[in-house]
Amino acid sequence: MTKLLDTKTREKLINYLNSRFGIEKDFFRDYLFTISGHSVSIISQSRETRKIIEQLLYRNYVNGFGIELFSNFKDYTPSSLGFGLFKAGEIMHNSVTFSREQANDYFKGKDISSKDAIKINTLSSGYIICIFNSQIIGTANFDKQSQMIKPNLSFVNTKIK
Amino acid sequence: MSEVYLPKEFMDKYKSILGEEESEKFFESCKTRLTKSLIMNTLKGEDTSFFREQGIEIEQTKFLEKAYFIKSEVSGLGNTIEQNIGLFQMQEISSMLPAFVLNPRETDVILDLTAAPGNKTGILAQIMNNKGLIIANDVDKDRLKTLKFTLKRLGVTNTVITCQDGCKFDLGLRFDKILLDAPCSCEGMVRKKADSLKGWSTRDVSGKAELQKKLIEKSFSLLKIGGTLVYSTCTLSPEENEEVVDYLLKKNTNAKIEEISIPGLVHDKGIIEFNKKKLNPEIKKAIRIWPHKSDIEGFFICKIKKE
Numbered sequence: 001m002t003k004l005l006d007t008k009t010r011e012k013l014i015n016y017l018n019s020r021f022g023i024e025k026d027f028f029r030d031y032l033f034t035i036s037g038h039s040v041s042i043i044s045q046s047r048e049t050r051k052i053i054e055q056l057l058y059r060n061y062v063n064g065f066g067i068e069l070f071s072n073f074k075d076y077t078p079s080s081l082g083f084g085l086f087k088a089g090e091i092m093h094n095s096v097t098f099s100r101e102q103a104n105d106y107f108k109g110k111d112i113s114s115k116d117a118i119k120i121n122t123l124s125s126g127y128i129i130c131i132f133n134s135q136i137i138g139t140a141n142f143d144k145q146s147q148m149i150k151p152n153l154s155f156v157n158t159k160i161k
Numbered sequence: 162m163s164e165v166y167l168p169k170e171f172m173d174k175y176k177s178i179l180g181e182e183e184s185e186k187f188f189e190s191c192k193t194r195l196t197k198s199l200i201m202n203t204l205k206g207e208d209t210s211f212f213r214e215q216g217i218e219i220e221q222t223k224f225l226e227k228a229y230f231i232k233s234e235v236s237g238l239g240n241t242i243e244q245n246i247g248l249f250q251m252q253e254i255s256s257m258l259p260a261f262v263l264n265p266r267e268t269d270v271i272l273d274l275t276a277a278p279g280n281k282t283g284i285l286a287q288i289m290n291n292k293g294l295i296i297a298n299d300v301d302k303d304r305l306k307t308l309k310f311t312l313k314r315l316g317v318t319n320t321v322i323t324c325q326d327g328c329k330f331d332l333g334l335r336f337d338k339i340l341l342d343a344p345c346s347c348e349g350m351v352r353k354k355a356d357s358l359k360g361w362s363t364r365d366v367s368g369k370a371e372l373q374k375k376l377i378e379k380s381f382s383l384l385k386i387g388g389t390l391v392y393s394t395c396t397l398s399p400e401e402n403e404e405v406v407d408y409l410l411k412k413n414t415n416a417k418i419e420e421i422s423i424p425g426l427v428h429d430k431g432i433i434e435f436n437k438k439k440l441n442p443e444i445k446k447a448i449r450i451w452p453h454k455s456d457i458e459g460f461f462i463c464k465i466k467k468e
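Sequence lines, in order, name chains A and B. Quick note: the first sequence uses this note's numbering, first residue 1, plus one each step. Quick note: the second sequence uses this note's numbering, first residue 162, plus one each step.
So that you can see chain A by itself, here it is in the shape it has in the complex:
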């Protein structure tokens, strides 16, 4: 069942996105956050559409909402496709810029060394954002010790599990 995310968790997630990636808190002003299981999605809202969305949630008619931002909000697992919502210029830290070859490797689920990246924007261990040609292509897990970037793609994550 999908419901509106409580204000406290919403703030927590926005703070995380701000501190981890530097995404302005104001970015989320016109979005509603919804939760289904551990998955958190956001949907554009206006005063008029908010009423309709709430009504649909209340009646439990909904199969999907807007765009998924976190596949698991508890450990801040981002949704790689969902993060394509942001513009590369909105990411202030924990991002890496790939060449075409590396970006292709990313989509094949291959691990990539951060030493080979075109540009690194202050990386610390944990989730990072991957950029190619000024576009966000997804997210990855970065290990500072080994300097390796592991794509956060569903088929890669399934293999790990």
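Covered stretches of chain A (in silico footprint by chain B; criterion: 3 or more residues with CB under 8 angstroms from a CB of chain B, positions within the stretch not fixed):
| id | segment |
| --- | --- |
| 1 | 44–53 |
| 2 | 58–68 |
| 3 | 77–89 |
| 4 | 99–107 |
| 5 | 131–139 |
Using 25 angstroms as the maximum straight-line C-alpha spacing, the simulated SDA-like pairs for lysine to any residue come out as follows:
| id | chain 1 | residue 1 | chain 2 | residue 2 |
| --- | --- | --- | --- | --- |
| 6 | B | K430 | B | N264 |
| 7 | B | K292 | A | F27 |
| 8 | B | K292 | A | Q135 |
| 9 | A | K110 | B | F310 |
| 10 | B | K227 | A | Q135 |
| 11 | B | K329 | A | Y61 |
| 12 | B | K227 | B | I423 |
| 13 | A | K87 | B | N240 |
| 14 | B | K379 | B | S367 |
| 15 | B | K306 | A | R59 |
| 16 | B | K379 | B | R335 |
| 17 | B | K412 | B | K439 |
| 18 | B | K467 | B | N264 |
| 19 | B | K292 | A | R47 |
| 20 | B | K292 | A | S134 |
| 21 | B | K466 | B | E378 |
These are computed hints drawn from the structure, not numbers from a lab. From the three backbone atoms N, C-alpha and C, an ideal C-beta is built for every residue, glycine too.
Based on the hints, put chain B in the right spot on chain A.
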């Protein structure tokens, strides 16, 4: 392209609609390969330099600013990084048109009743600049997975997805605009898939027409007064197109057909006489895209206002 299969009954039907000479041109066009096409995703930018850099020749269409024909013989374009992240969408030109004909505003509440796989919903979201609200519905749960993936890839954030039988759809809401791209016999797809007419029969066409009548009636009932419904199919059978609209007009005196203007697109008017049946002359305002005239996929589009 492997040999295209055109059933005899299908050919006889189009001979009676188009006449001997023109029907031959139509059958010949059915046997030619459809030029692939794409549309840029304005939610993520409009930069087409990638194609040039990769040596892919694209040509802007005369009637849709963000749509392009792919002139080079390329394979694997659907697996490029740019496609994976939703910078563009591979799609038939004809099937892009209904969303533009509906012309949603940023404040509208829209219903896309048979939305999967989501390409048209994606275009609606782009026109609306991810504002307003789109209810994207489909009865098939498996197809909803594709719809969700498409919308995520394109970065669509103004959509609620529902899974209801379109004939019984009811959320307790009325809509400003509705897109009904109805399930059909897909005759227009023959240039894409050579054996697509193998299962074609007049019985199938009649069956689809019955479903379409239920869907168009339901759609019209879900419109606000002053709202607009766009009915489209990728088929050319008058039973699934003009006759469906005629059925709606007979049952609803407040349904009015509006003119459609797509400058640069070669198309015919809706048919108003078929199988000795006279249809409402207003149906002339609908558009019928014949592959032998416009060199794109066969299609039918009609715009209906609720007064």
